[in-house]
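A.B. asks: Here is how the chains run, residue by residue.
2 protein chains.
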Amino acid sequence: MYDFAADSADCARAVEAGLSEYLTGARLSGPGPAADRVIAAMRHGSLEGGKRLRPLLVRQAAAIFSVPREQALPAGLAVEMIHCYSLIHDDLPAMDDDDLRRGRPTVHKAFDEATAILAGDALLTEAFALLANPGTHPDAEVRIRLVAELAAGSGTGGMVGGQMRDIEGEKGGFTEAEIAVMQAMKTGALIRASVRMGALIGGADARALSALTAYAEAAGRAFQLADDILDVTATPETMGKATGKDAEAGKQTVVARLGLEGAREMLDRTVSEAVSALRTFGPRADGLRATARYFASREK
Amino acid sequence: MYDFAADSADCARAVEAGLSEYLTGARLSGPGPAADRVIAAMRHGSLEGGKRLRPLLVRQAAAIFSVPREQALPAGLAVEMIHCYSLIHDDLPAMDDDDLRRGRPTVHKAFDEATAILAGDALLTEAFALLANPGTHPDAEVRIRLVAELAAGSGTGGMVGGQMRDIEGEKGGFTEAEIAVMQAMKTGALIRASVRMGALIGGADARALSALTAYAEAAGRAFQLADDILDVTATPETMGKATGKDAEAGKQTVVARLGLEGAREMLDRTVSEAVSALRTFGPRADGLRATARYFASREK
Chain A
0 MYDFAADSAD CARAVEAGLS EYLTGARLSG PGPAADRVIA AMRHGSLEGG KRLRPLLVRQ
60 AAAIFSVPRE QALPAGLAVE MIHCYSLIHD DLPAMDDDDL RRGRPTVHKA FDEATAILAG
120 DALLTEAFAL LANPGTHPDA EVRIRLVAEL AAGSGTGGMV GGQMRDIEGE KGGFTEAEIA
180 VMQAMKTGAL IRASVRMGAL IGGADARALS ALTAYAEAAG RAFQLADDIL DVTATPETMG
240 KATGKDAEAG KQTVVARLGL EGAREMLDRT VSEAVSALRT FGPRADGLRA TARYFASREK
Chain B
0 MYDFAADSAD CARAVEAGLS EYLTGARLSG PGPAADRVIA AMRHGSLEGG KRLRPLLVRQ
60 AAAIFSVPRE QALPAGLAVE MIHCYSLIHD DLPAMDDDDL RRGRPTVHKA FDEATAILAG
120 DALLTEAFAL LANPGTHPDA EVRIRLVAEL AAGSGTGGMV GGQMRDIEGE KGGFTEAEIA
180 VMQAMKTGAL IRASVRMGAL IGGADARALS ALTAYAEAAG RAFQLADDIL DVTATPETMG
240 KATGKDAEAG KQTVVARLGL EGAREMLDRT VSEAVSALRT FGPRADGLRA TARYFASREK
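Chains as they are written, first to last, in numbering that gives the first Met the number 0: chain A, 0 to 299; chain B, 0 to 299.
Pulled out of the complex, with its shape left as it was, chain A reads as follows (with noise of 0.2 Å):
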């Protein structure tokens, strides 16, 4: 049986580790000697905190194809960088604004914005120099692979696209598939790339990892309604940081859409969609099964 609490626990453990670990200025690669104090930022924006849901998916995706854990790792240390990074530039004064993040200050706020927009450049490069690291796996051509695939999902045609959409969308005029594609991009591609790289890592044929991003697209999806849905039920406490803010900003959520009530059947049947997606794999695609259930169920 498989126990989702366990393995998300000891996957951010993992995680939290594993980034200690390399975010130190020993590890990191360079002909110089790093800056304490963007390593410090760097640290403040990446430990202690969040779910690590991406790891976790990269971990999940892999184990349908018995690779141990620790192998899955390294891949989502870089994912986690990613989204780590995002989150620093996004909460900069130019962009949300935001003072707090998982109830501590933002990096921008604990440092400077200079520091803030340095940290995101350093975890972005970083993540990438990770990957290349043979650690990561021991065949270049699955590396290389992970480099693309990780720069698919966060770069112009996904995460940073769908950043810059969202920007433009709250000048009004986005129509329902404009802010789904937004979305799918947003959150989903990200998403989407963890699901694929631990697949790749297994060494995946192309029959297996096309049912594999069908489960990730549909995952996505439904991370996304979740968050939606908790912006409006949720209070700050339980999140960590500011709720109602799409309302507030007249975001065009499918909650705005279609109700509370609308959205969470849509939820469950996004939910339902993503694991249909899994019917060839049996029970080692219970982890990636637990983790689209547990996006329908989550309070923060």
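Each statement offered as a hint is correct.
A pair holds if it fits inside one copy or across any two, identical chains being indistinguishable in the list.
Okay, derived cross-link-like pairs now, SDA-like style, lysine to any residue, Cα gap no bigger than 25 Å in a straight line: (1) Lys108 x Met94; (2) Lys108 x Asp89; (3) Lys50 x Arg297; (4) Lys170 x Asp35; (5) Lys170 x Pro32.
Hints were generated in silico from the structure; no laboratory data involved.
Here the structure of chain A is known, so what remains is to put chain B in place on it, guided by the hints.
C.D. replies: Structure of chain B alone, referenced to chain A:
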């Protein structure tokens, strides 16, 4: 006879055309369609500009190993994208707060701050996407080494770390040795990565790579020295950006310490050092020799 003016002009044209072709919605990777606005900002921040010295170094180092210039271009584009992202972020109000770059409005002036942050993030990410593309080099082992090299040159122990040290140094109290480390990281590390990437494309052995690294480190110091000298001697009109900023900010450059003549003598010695490191390579290294000498003579 190697013709520096012709080769550098040809390289600049190739980089301009290559970036313009790569930075379109159709070419960039990712599951979704990139936002037009972020692509426009990436193009504003990277096209029609600059001397393209880093791609030239990639090409010149690769030429030692008889690599045709078009085969050195993709890696050169990747380095140039990193250079351009760093300029976009450095120009932001929270960093150097510059309104003009090469005589045109900086990206945050032509667009806005959020767009400039995202365009920088996107260029940084797409640089690694480009290196991962099989079109960059047929051998995955070489491509992943290019990723490692570029990340090392531009990350915490390289360019970004140097930028952080520079900001800290502006508060004063840096020793001469600390300034040297900062400059080696801030501008030297990416020059070093450019030369080494050219060598890796050419299949350089450890000995050749070591000689070229020695060249690159001296050339990087020469480049920085020339920059410090130009900040004192050039006019804003020639440079297309503000000058005299170092002295105004009380920056501890070599010019401030040795005076203008002392700095010029040191620049000549450093160029000699760079050229000496190439002695085993014969005429195929004339390109790199010419670039080091160009650093000593440039007027903008």
